[in-house]
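Letter by letter, the chains look like this.
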Amino acid sequence: MKYLFLFVALTVANAALADDGMLILQKRCVSCHEISGPAAQSVQELWQRKGPDLFYAGSKYNAEWLEKWLVKPRRIRPAGHHPIQHTQPGKKRDMVDTTTLMSHPALSPSDAEEVTEALMKLKSSAEMMGTAVFKGGSISVSFGEMVFDKFNGCMACHEIEPGYGGLSGPEVYTAAKRYQADYLVSFITDPQAWNPKTPMPNRHVSAPNIQKIVQYLQALAKENWDEKK
Amino acid sequence: MRKNKLFLTLFVSLLMLSSAAWSDDAEDNYKNYCWQCHGMTGDGMGLNVQDMSVQPRDHTSAKAMGGRSDADLFKVIKEGGLAIDKSVLMPPWRNSLSDDEIHDLVKYLRKLCQCG
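In order, the protein sequences belong to chains D and P.
Under the numbering used here, think of the first position of the first sequence as 234, with each following residue one higher.
Under the numbering used here, think of the first position of the second sequence as 50, with each following residue one higher.
If you're looking for bench data, these hints aren't it; they were derived computationally from the structure.
It is possible that some hints are incorrect.
[To be verified] With a cut-off of at most 25 Å between alpha-carbon atoms, the simulated BS3-like pairs for lysine-lysine come out as follows: (1) D:K445 - D:K383; (2) D:K325 - P:K112; (3) D:K325 - P:K80; (4) D:K324 - P:K127; (5) D:K383 - P:K124; (6) D:K305 - D:K260; (7) D:K301 - D:K356; (8) P:K80 - D:K324; (9) D:K325 - P:K135; (10) D:K325 - P:K127; (11) D:K383 - P:K135; (12) P:K112 - D:K383; (13) P:K80 - D:K283; (14) D:K368 - D:K410; (15) P:K160 - D:K324; (16) D:K325 - D:K305.
[Claimed, not checked] Here are some chain P residues the structure puts well away from chain D; computed CB gaps all over 10 Å: (17) G95; (18) G116; (19) D121; (20) D153; (21) V155.
Owing to the predicted nature of the structure, the values given are computational and were not obtained by experimental measurement.
Using N, Cα and C, we set each Cβ at its ideal position, and we do this for glycine too.
One chain only, chain P, in its complex shape (with noise of 0.2 Å):
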């Protein structure tokens, strides 16, 4: 009995906690925002990009990638292409990524492109 209520007490808060949005891993915020114009590899050639009027960066290639500090990529990818002068078809992501997310993507770029 005493064991039951320990259990509903620690299923509850659980679910206090869970009512503040989860801090996704990299690879499973990648597949669910990037992809879509990045691709499924990360190939640059994403579902989207047929009708898109600048292509997206293919961030499997060192010769891409290498040229941006770890800084510049968190910046586009918090605040979007047009806060580095870029094309206003990358989205910014700040409302959707924390933070901490940001800093594990940059990360996940870095492995992707074998660059840095």
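Here chain D stands alone, though its shape is the one from the complex (with noise of 0.2 Å):
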């Protein structure tokens, strides 16, 4: 009985957290991130988001890291949201003109933890999860590299330490902290079906493979980039 009135006093407790986590959303985020779904049908479209998507936050996140870098957030995607927005044609090849991009604007830690609290109840369809589970296991820093630079091409999009890889899509060397395992294998699996206009192609992983490429970035993910930066 006591453990019953505990459990629903922290029910309670979490549900006003999130409850008031979701008027700062609609307050303070809403202009720039869709909490309601569904995503961009076009590309026009795509490209009026300011920022990612978050109405599947439940299904994507790691809550610690989130809680975490909505207060002290840093920069994720090195050309921004939509690179093309951000970017010149130079002598050599396209630059980012990074005084374009902007800082993320950052809560104090009470607003985290109850914006947290909201985005993490907000959970994606079966459809776009599908069948995909990461099944665990481990690979060397290297191996992982070949999977996913030489034999899949991943790298020609993607820094894999800061400064030394493609700049159009997210650093990967932090996605494994950000992100849920079982979220990354299915997103690799069908970039398409959580955004139909994402700029990341599907490039028909293997299975196996896939499942070596999230033991890669979690074995990046370990390394302290926060430090190294």
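Join the two chains into one complex using the hints; note that each chain is given alone, in its own frame.
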């Protein structure tokens, strides 16, 4: 009975946190982030969205990372959310105009706790997630890099360490810190199920190699990149 | 009142239509997918090229593009570089683009290179 009371009290407290978090989201975040979906259905619609979709946040993020990042956000996409809006043709190649990149609004620790609670309640549909599961296991960074770069060409668009790799996609060396392992498996298996107009191609990586890539992302994420940057 | 209802029906059917992903024009598709490596102007010097071991094709060069048939271009866009014995770095786009959109892109590439 006592435990039941405690359970109810905790549930009510969490719900209250999530309600307050939802209010903050409505007030300070929806101008840039979609929190009810669906994903953009045309390229033009995609370009109008100022930040990544958050309507499936609860199936995507690691709550611990999310809460910390909201207090102290740092750049994840080296060329911004829509790189073409921050790029100019240069002498040797197209260059990022970093002066046009914004720094992300930060939240107080208590607001971040409430917003995290609210975001983690936003789950994806079953169609988006598919049947993907991460089966665990580990791989060396050097073998992982072969699978990621040589066999599947992923590094063309992704940095595997600060300053090394492609610039149009998000840095991947912190991806496993940010995202749940099942989400990573699912997104790599079928990026278009999450976002039909995502600039990331489906590279038709074999199922076993997707497991290896996620093991590799986990190995990369163990480094303390914040300190190295 | 009647009119309102008509609009509502129209609106709802539009919403239903929009659940199937939209077909985009070739320029938007180029600027969403291809420019990342092939460059904003199609000259092969895209944002990503610095650490790429094989450089993307210069789509504005008649010399580099003129030797390929439309069927070859269609195939490499749909199935990726490996399908025509080229680099894995050129991705397959069949899950991002419909066949019609790929045909439109082939025409767009012909305009960029002013060949064929």
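Per the stated criterion, does the least C-beta distance between G116 of chain P and chain D lie above 10 Å, as a non-interface residue requires? holds (23 Å)
Between K324 of chain D and K127 of chain P, is the straight-line Cα distance small enough, at 25 Å or below? violated (31 Å)
With d taken as the least Cβ-Cβ distance between V155 of chain P and chain D, does d exceed 10 Å? holds (17 Å)
Within 25 Å, alpha carbon to alpha carbon, are K383 of chain D and K124 of chain P? OK: K383 of chain D and K124 of chain P at ~22 Å, within 25 Å.
Given the hinted pair K325 of chain D and K127 of chain P, is their Cα-Cα distance within 25 Å? Violated. K325 of chain D to K127 of chain P sits at ~28 Å, over the 25 Å cutoff.
Keeping to a limit of 25 Å between CA atoms, is the pair of K305 of chain D and K260 of chain D held or broken? holds (19 Å)
For a C-alpha distance cap of 25 Å, please report whether K325 of chain D and K135 of chain P respect it. holds (23 Å)
Straight-line Cα separation of K80 of chain P and K283 of chain D no greater than 25 Å? With Cα atoms ~17 Å apart, K80 of chain P and K283 of chain D stay inside 25 Å; holds.
Hey, K383 of chain D versus K135 of chain P, does the alpha-carbon distance stay inside 25 Å? holds (13 Å)
Does K324 of chain D lie within 25 Å of K80 of chain P when you go C-alpha to C-alpha? Given that 25 Å is the threshold and the Cα spacing comes to 20 Å, the pair holds.
Hint consistency between K325 of chain D and K80 of chain P [alpha-carbon to alpha-carbon, up to 25 Å]: holds (19 Å)
Are the Cα positions of K368 of chain D and K410 of chain D separated by 25 Å at most? The given pair, whose Cα atoms are some 17 Å apart, holds under the 25 Å limit.
Of the numbered hints stated above, those contradicted by the structure are hints 4, 10, 12, 16 and 17, listed in ascending order.
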